[in-house]
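**Student:** Each chain is listed here by its residues.
Protein chains: 2
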Amino acid sequence: MLNKPRLLTPGPTPLPEQIRLVMAQDMIHHRKAAFKHVMAELQERLQMLFGTSQPVMSLACSGTGVMTAAVTNLFAPGEKVIVVDGGKFGERWAKIAKGHGLEIVTLSVAWGTAVTTAEVEAALDAHPDARGLFVQNSETSTGVLHPVRELAAITRTRDLLFVVDGISSVGISPCPMDAWGIDCLVTGSQKGLMLPPGLGLIALSERAWNKAETVPPACFYFNLLSERANVQKNQTLFTTPVSLIIGLNESLKMFMDAGLETVYRKQWALTMLARTAVKEMGLELLAPDHFTWGLTSVRLPEGVDGGKLLEIAADRFGVIMAGGQDHLKGRAVRIGHMGWVDWADLAAGLHALAESFRACGGYIGSRDYLEKGLQAYHEALLTYDGTV
Amino acid sequence: MLNKPRLLTPGPTPLPEQIRLVMAQDMIHHRKAAFKHVMAELQERLQMLFGTSQPVMSLACSGTGVMTAAVTNLFAPGEKVIVVDGGKFGERWAKIAKGHGLEIVTLSVAWGTAVTTAEVEAALDAHPDARGLFVQNSETSTGVLHPVRELAAITRTRDLLFVVDGISSVGISPCPMDAWGIDCLVTGSQKGLMLPPGLGLIALSERAWNKAETVPPACFYFNLLSERANVQKNQTLFTTPVSLIIGLNESLKMFMDAGLETVYRKQWALTMLARTAVKEMGLELLAPDHFTWGLTSVRLPEGVDGGKLLEIAADRFGVIMAGGQDHLKGRAVRIGHMGWVDWADLAAGLHALAESFRACGGYIGSRDYLEKGLQAYHEALLTYDGTV
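If you read the sequences in order, they're chains A and B. Residues in the first sequence are numbered consecutively from 0, following numbering that gives the first Met the number 0. Residues in the second sequence are numbered consecutively from 0, following numbering that gives the first Met the number 0.
Since the hints were derived computationally from the structure, they do not count as laboratory data. Heads up, a few of these hints could be off.
For identical chains, the list gives no copy identity; a pair is met inside one copy or between any two copies.
Listed below are the simulated DSSO-like cross-link pairs for lysine-lysine, each with C-alpha atoms no more than 30 Å apart in a straight line [unchecked claim]: (1) Lys79 x Lys94; (2) Lys31 x Lys87; (3) Lys35 x Lys252; (4) Lys232 x Lys31; (5) Lys232 x Lys328; (6) Lys252 x Lys3.
Quantities reported herein were computed from a predicted structural model and do not represent experimental measurements.
Based on the sequences and whatever the hints tell you, model everything.
**Tutor:** Structure below.
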């Protein structure tokens with residue numbers, strides 16, 4: 000009774016009551032007119048969210064499912080692809096591609112650092128036979144934002160597909176697919192979109208569709224050509240998670256009512272709040288230069304046990320955050336500020352972070368990190384200019 | 000305002016309010032202790048539902064997803080399998096197996112008819128090199144119940160895996176996996192389990208696990224060996240549809256509170272209600288002899304348009320039923336009585352069927368089909384002896 004639980008992880012995220020209640024309605028049938036009407040409305044909203052005139056397909060799967068769909072529908076075994084690997088999800092692109100029998104060129108980037116256009120250009124020059132470039136827009140394991148817009152520009156003049164994992168960026172920071180020139184963009188329901196997990200979203204550019212038409216089918220469940228034919232009938236190939244679809248339609252209505260620009264402005268301002276407060280605390284940001292707008296990662300100093308810190312934050316303050324992954328396990332904290340999270344939730348999370356850090360023996364001199372963070376938030380709301 | 004909507008399709012089904020409200024709670028994180036506790040409780044309940052001591056795995060996908068998982072994890076391309084094809088979902092086994100590069104022997108059965116053990120035995124004798132036998136327990140497209148118990152017995156003395164689609168039978172009629180000797184049983188959330196679509200469930204026998212360990216991985220997303228390792232930690236391999244898992248745990252609590260036997264008794268009695276009423280109406284049952292307990296299929300006489308009939312049932316009576324599929328499109332009606340459906344809902348559905356049939360020019364002489372159906376229901380509740 001002392002604390003309300005506050006979910007501040009980089010997905011899943013808290014959900015607006017109005018979405019939860021819409022999803023709590025009794026079931027309707029996925030092949031009847033009422034549902035087709037929802038699908039038609041949803042399709043228009045999804046195209047606005049993705050910034051594309053191409054169909055956006057909803058699959059019953061997690062984010063890894065749509066990543067699998069992208070790899071297996073766009074490339075035939077034996078083709079060469081370049082994978083930017085700067086964290087757990089870059090690694091996942093590589094694993095999926097390898098499992099599908101692709102030849103992989105890995106472009107490794109230190110965790111916390113973004114890939115540069117020069118590095119990618121060099122890799123493309125060294126491997127002119129590469130047919131695909133895979134990257135995360137936001138690498139959820141580190142909080143790094145890769146320069147997708149610039150990378151897209153490089154790939155436009157070459158004969159390869161640019162495939163982007165937007166799982167923790169779509170609905171969080173701008174990533175307009177057609178305007179930037181992305182060939183395949185995927186995302187999941189449980190990050191920026193304020194929904195439970197269980198729905199994967201994917202869209203292809205025209206040239207990606209042309210390529211997909213030449214690739215032999217690999218996994219029966221992930222068949223994007225058949226999914227596209229179904230979207231045109233306001234349907235899905237297989238039985239769809241009806242309640243999540245209805246929830247997504249409501250979520251995107253909230254997005255459209257507010258305007259995408261307002262959502263991005265908010266996410267930018269929350270990021271300024273988190274980063275300013277963390278710096279004021281004297282803690283080290285894991286992604287110093289290129290950072291995503293939906294989570295902030297903090298590297299812990301030696302001697303502070305990240306696992307214990309998270310436990311204290313949860314037990315004493317009701318704040319649920321995520322730790323580091325793989326070699327950063329116990330060495331980092333990731334505080335999520337995506338989905339249905341506002342400035343007051345995040346301020347609570349930052350206070351829990353500071354107090355838990357102190358309780359683990361860490362030193363924080365600042366007594367006004369919250370005030371400074373909140374000032375940065377207000378200022379960012381006013382000065383946000385829409386650039387990434 | 001005249002009619003309440005009544006969803007009487009063979010999935011998705013109406014949902015109990017208590018499940019919908021449990022799922023409407025705010026999100027919790029899938030890697031934290033509170034969720035692991037749910038997963039542990041759920042695992043015990045799932046094993047009871049499946050009648051197995053082996054782990055039951057929950058995947059973020061539709062029923063076709065777990066069918067794909069079964070095929071790709073248990074068989075290597077090039078292996079020979081026998082597929083019983085007596086409807087749209089038998090056909091689906093064949094398509095998935097073919098897509099995976101298996102050599103298929105199709106055992107075709109007329110729609111509405113169950114396969115016989117003699118037919119299967121002959122196929123097994125003719126193809127001693129077959130490594131798998133695929134069947135539906137309940138073929139949702141026709142309402143036929145295949146003799147899974149007897150087929151399992153045949154396969155026990157042979158070196159092949161018996162793979163059963165229980166999508167419209169698990170939680171509807173008995174199908175105890177270990178006791179009968181089923182090597183792989185799959186189901187989905189949106190049929191007997193009173194949940195929205197979006198979750199697939201799958202369990203393997205010990206000998207199926209032994210086989211799975213020898214099969215090279217095919218589709219990155221469907222990796223049952225890794226899923227099993229995660230179940231042991233009360234986790235899932237990838238992000239799981241948290242709200243559906245919480246709903247499933249609540250659903251199975253309802254099953255366990257009532258007792259599985261009570262659920263089967265109810266489903267048997269509902270089936271007697273539907274079949275008695277349909278026969279009293281003078282209509283033809285599509286599956287005359289071997290029928291599933293979750294839906295009843297009616298073959299329409301020439302001159303009655305099934306599409307129009309469904310429209311009238313929906314518009315004038317608020318009753319949503321399903322039509323025939325493929326060559327039975329417009330020629331059959333499938334009335335679902337699975338999930339959160341009781342005798343009064345079904346009686347309403349049967350009345351809507353009769354009146355819509357009349358409105359389409361069909362003749363029904365009986366004026367007491369409902370009373371006779373309901374008497375059959377009450378009697379069946381009392382005389383049900385647990386045999387399939």
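**Student:** Hint by hint, say whether it matches the structure.
**Tutor:** Comparing the hints with the structure gives:
Within a single copy, Lys79 and Lys94 get their C-alpha atoms as close as 14 Å, and across copies as close as 29 Å, so both meet the 30 Å cut-off. In the homo-oligomer, the alpha carbons of Lys31 and Lys87 lie at most 30 Å apart only across protomers (19 Å), although the nearest pairing inside one protomer, at 41 Å, exceeds that limit. In this assembly of identical chains, the alpha carbons of Lys35 and Lys252 lie at most 30 Å apart only when taken from the same copy (17 Å versus 33 Å across copies). Only within a single protomer do Lys232 and Lys31 lie at most 30 Å apart by alpha-carbon distance; the minimum there is 11 Å, versus 40 Å between protomers.
Within a single copy, Lys232 and Lys328 get their C-alpha atoms only as close as 46 Å, which misses the 30 Å cut-off; across copies the closest is 18 Å, which meets it. Within a single copy, Lys252 and Lys3 get their C-alpha atoms as close as 28 Å, and across copies as close as 27 Å, so both meet the 30 Å cut-off.
Comparing the model with each numbered hint stated earlier shows that all of them hold.
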